[in-house]
Each structure stands twice: as C-alpha cells, then as structure tokens.
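K.L.:
Sequence:
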Amino acid sequence: PTPTPTPTPTPTPTPTPTPTPTPTPTPTPTPTPNIPPCNFQCQQNTPTNPNLNIPKNNVTILDTNPTPEDKLTARVAGYLGVSNPRLKSPDEAKEIAVQIEKATGVKPAFIYISFVPIEIPPDGLLGGILGGIKSIKQLNTTAEKDTEQLELIVITGKGNPIRQRISDATKSNVLKVAQEFRDQVVNPQNRRRNTYLSSSQQLYRWIIAPIETDLQARGINNLIFLPDIGLRSTPMAALHDGQRFLVEKYSIGLMPSLSLTNTLYTDIKKSQVLALGVSQSTQGQEPLPAVPVELSTVVSKLWQGKLLLDKQATLDNLKAIRRQQPFGIIHMATHADFNAGALSNSYIQLWEDKLRLNQIRQLRLNEPQVEMMVLSACRTALGNEEAEIGFAGLAVLAGVKTSVASLWTVNDVGTAALMTKFYESLRTAPIRAEALRQAQVAMAEGKVYIKNGQLQGLEPIRGLPLPTESSDRPDQSLSHPYYWAGFTMVGNPW
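Note that my numbering has the sequence shown beginning at 1, numbered continuously upward.
Source of the hints: derived by calculation from the structure; they are not laboratory data. Even for Gly, the Cβ is constructed at its ideal location relative to N, Cα and C. Check before you lean on any hint, since a few could be wrong.
Said to hold, decoys possible - Here are the simulated lysine to aspartate or glutamate pairs, DMTMM-like style, with alpha carbons at most 20 Å apart:
no.	residue 1	residue 2
1	447	459
2	158	214
3	301	459
4	176	385
5	107	119
6	270	371
7	158	95
8	269	371
9	171	183
10	107	248
11	354	286
12	319	286
13	102	119
14	176	214
15	269	248
To be verified - So the derived label-pair ranges between C-beta atoms look like this:
no.	residue 1	residue 2	range
16	158	285	23 to 31 Å
17	190	244	35 to 43 Å
18	285	216	39 to 47 Å
19	176	95	35 to 43 Å
20	102	241	39 to 47 Å
21	451	98	43 to 51 Å
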C-alpha cells in the first residue's frame, strides 16, 4: 500500500520543473539566428532514443520528436513483426561510416529520403521529420498529406549531417514521377528507346543534385538510401544526371532502416555458395531455361560451392545441407513474389513447394550467419507499401546480412548475364555493392550482350552458350535499364 510515495525523496536533482511549465516555452523568436544547420537531433541533450514499442500493424511512437530512422524502423518492424528493436542514433550512424571506411577504404553516406509537413520550417532544428511538433503519439500513412515536401538528410563519417528541403517537390509529384519512371523502364515496348530519361533526370534533380556537391567534397563513393514509403521500389541505380547513370558514379544500397540492419563488415571472398535453382515449370510457374547456365557458371567457373537444381531444390535439402556445411552465400535462381497483404502472400518458389516469407525465419540463416542471399528471378508489386517493405525487409526476415533481388521480373538471359558478371566482380571488389555496381555498369555500357546465341563480355568466360528455349536468342544489347537496374542490394552493402 505504501510503496508509491517512495519515489518523491529521490527526484532531488531538479526541484523546479513542476512549477508552471507553460510560461517558459515562449522563447521561440530566437531559433532562427543561431541554429546549427546540421544537428540531426531535435533536442539539445537528448540521450539515445529509447526502444520503440511496436505492436504489429499499429506503429506507436512514444518519442515526441521521432527522427527519420525512428519512423522507418517503426513501419518496417511493425509489418515484419519485429518487436522492440534498439534504435540506432545519428552518432552511431556516423561511427558505422567511420568503421566501414577503416575496414574497406570505401566512404559511405546514409541518405534519408522523407516527406515532411509544410508546417515544419526548413530552417528549423533537425528533429527528424517532426521538428516543431510537440506531441505525436502515432505515425501512420493516413495522417500524411500529398502536399508534404521532400526532405533529404545525409549522414557521413566526417562532417555535420546535411539537410536539404526541396520545397517544389511535393509528395504527390515525387511519387507520380517515380511511378512513371518505373513504368517506363519496365515496359517491354520501350526497351529500344530512352523514354525513361525525362522522369529519371527529374528524380535526379530532386534527390541527388541538392546534395551532390557535399557528397563530392567529402569523397563519398557509396550511397545507402533509406527512402520513405513509395520510393523503396525506385531503381536508384538508373537515376540519370543528363550524361551518366548514378551507378556509374557510386555503388548503391538500400536499407529498410539502419536499426534493423547488421552493419558489421565481413570479407565475403572466402564464402562458398549454395545455389538452388528451378528451371522447369513447377506449381504453374513459367520455366526459366537459362537457370542451369547461370548456376553452373557461378558454381563451377567463378565460385566454389554446391548446386541443387530442379527436383533437388527442396526446403528439406536446403536445411540438411546447411546443417552439414555453413555456406556464406545462398543463391536462389527461381521465381519469388513480393505481394501486398500478409507476409504469407509473398514467397520463394522451390520445387513443388513455396517458402513463404512468414516461414523464412525457420531456416535460421543467422545460425551460423549467412552473409548474403541472392534471389535472381523475383518480382515486387511495385508501389505497394507492404510489398515494398517485404522486399526491403527480406534480409531482416531471413536473418542474413545482405539480400540481392530484383524489383521486377527480368528475362532469364538478362538475369544470367548480370549474375555472372556480379560473381565475377565479387572476387575482387572491396565491398558487395561495388561488385553489383561493376556488373550494372558493364551492362549499361553495352559490354555484355547476346551474339550468335551466346552471352559475350563475361570475363574470363568467352562466350556463354544459351539454351535453345531462351526467348532472347537474337543478337541484341542488354544495355537498357530494364535488364540491370532492378537488381538491388538490400541490407548491409559492404
């Protein structure tokens, strides 16, 4: 009965906070003169943010001033069913960038792309996306407006965080152009034309141009995007500055949130590959005739590993082989769909069976740790929030550090070309994202192509014969972004 009065003797540090807090909050006129332009935290001496309490499908944030990191973590963790993730602060993000540079020589930048209410002044404190608002109990998509403005926050190992508000880039405009960009890249009728360039260049002007001078001044060569809803399925690699694609200048990665990502660096070059593939039609799926070429090339010519094809590519075999040998890379050349709705609606197709996303934790791919999972024939319901989170959260769900997957279905020949080039580059690249960058640039520059029924330009392999069933047998270039821009590195890009 009496334990409740005991807290009163201890709060001796500050006796004055209780008397009338309302008169003091009036000093609002002074913020504009002497505000540090790049203080990411909105309160002067705020400790590291507390853990979020995230009920599934209902994202509640008790922190009055959530940062973009808080908001992303809440949304993704809520959908994936991850409870109480420890939030990483901006200072921790800086420290991660410093450690990666020490380990690899690569200089990363974390780029938060958010939509911010107009009411928050662009020159206000960097209190995340809700700088001036005093009490927000809940964040959800319904509370957001089409008139919100694009805001970029960049954190690097050295220097203050950078903040840029693009007032003419409203949420409705940006999402509309992003949708046009995706549609133009994916449309089969556009593969011999550059109809995507106008939307690609507009997105570049909004997302990259405002921060590019700072990126160059700091020597940044690796961009990690942490985008808001609706932008996670944007093929950032194909943003265009009028002369070059973004991927020709930077290696690129996507994170669902920094707090949900295992950012420890491990050299992947000594890892072996467990490759599974389904080339024949199973459970009504289309056949993928180039899959045997893709997998045998990766496992026998470029990398050490083991191959499970068609009837061998089962969940039981995957579990049994993992128990015998801890493969660091798992490569799945089979259909995979990221769909709207519950996690069970999304799946990876195995032989006569679907591995659903809500079951993927059962594989225990973090015991021992799988460094990278590659899905080479998947598609995402573009523009759908739940599908986007499923795609971006694959590494989190699976317990792997990195996932590589495609935002749309690429024909199996284009996939075989990119994957062969990716594994070839992975043998020497300093980080994983650089290997993907080199593969994408080789394709964008037309160095990888089909001629006389063979894939050409795949060093050290001279002419990779394609199966007769493959649909793209005629001589052709694979330089259009449709063939390479959808492949995205999610999670840890190092």
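K.L.:
Now, for every hint given, state plainly whether the structure supports it.
P.N.:
Here is what the structure says about each hint:
1. 447 - 459: holds, 10 Å
2. 158 - 214: holds, 11 Å
3. 301 - 459: holds, 11 Å
4. 176 - 385: holds, 15 Å
5. 107 - 119: Given that 20 Å is the threshold and the Cα spacing comes to 34 Å, the pair is violated.
6. 270 - 371: Judged against 20 Å, a Cα distance of about 11 Å means the pair holds.
7. 158 - 95: OK: residue 158 and residue 95 at ~9 Å, within 20 Å.
8. 269 - 371: With a Cα-Cα distance of about 11 Å, the restraint between residue 269 and residue 371 holds, given a limit of 20 Å.
9. 171 - 183: Given pair residue 171, residue 183 holds - Cα atoms ~18 Å apart, limit 20 Å.
10. 107 - 248: Given pair residue 107, residue 248 holds - Cα atoms ~16 Å apart, limit 20 Å.
11. 354 - 286: holds, 14 Å
12. 319 - 286: violated, 25 Å
13. 102 - 119: violated, 41 Å
14. 176 - 214: violated, 27 Å
15. 269 - 248: Distance of about 23 Å is beyond 20 Å: violated.
16. 158 - 285: 23 to 31 Å: violated, 49 Å
17. 190 - 244: 35 to 43 Å: Violated: the Cβ-Cβ distance is about 20 Å, outside 35 to 43 Å.
18. 285 - 216: 39 to 47 Å: holds, 45 Å
19. 176 - 95: 35 to 43 Å: At roughly 38 Å between Cβ atoms, residue 95 and residue 176 fall inside 35 to 43 Å, so the hint holds.
20. 102 - 241: 39 to 47 Å: Taking Cβ atoms as reference, residue 102 and residue 241 lie about 30 Å apart, which means the hint is violated.
21. 451 - 98: 43 to 51 Å: holds, 46 Å
Figure legend: structure checked against the earlier numbered hints; hints not met, in rising order: 5, 12, 13, 14, 15, 16, 17 and 20.
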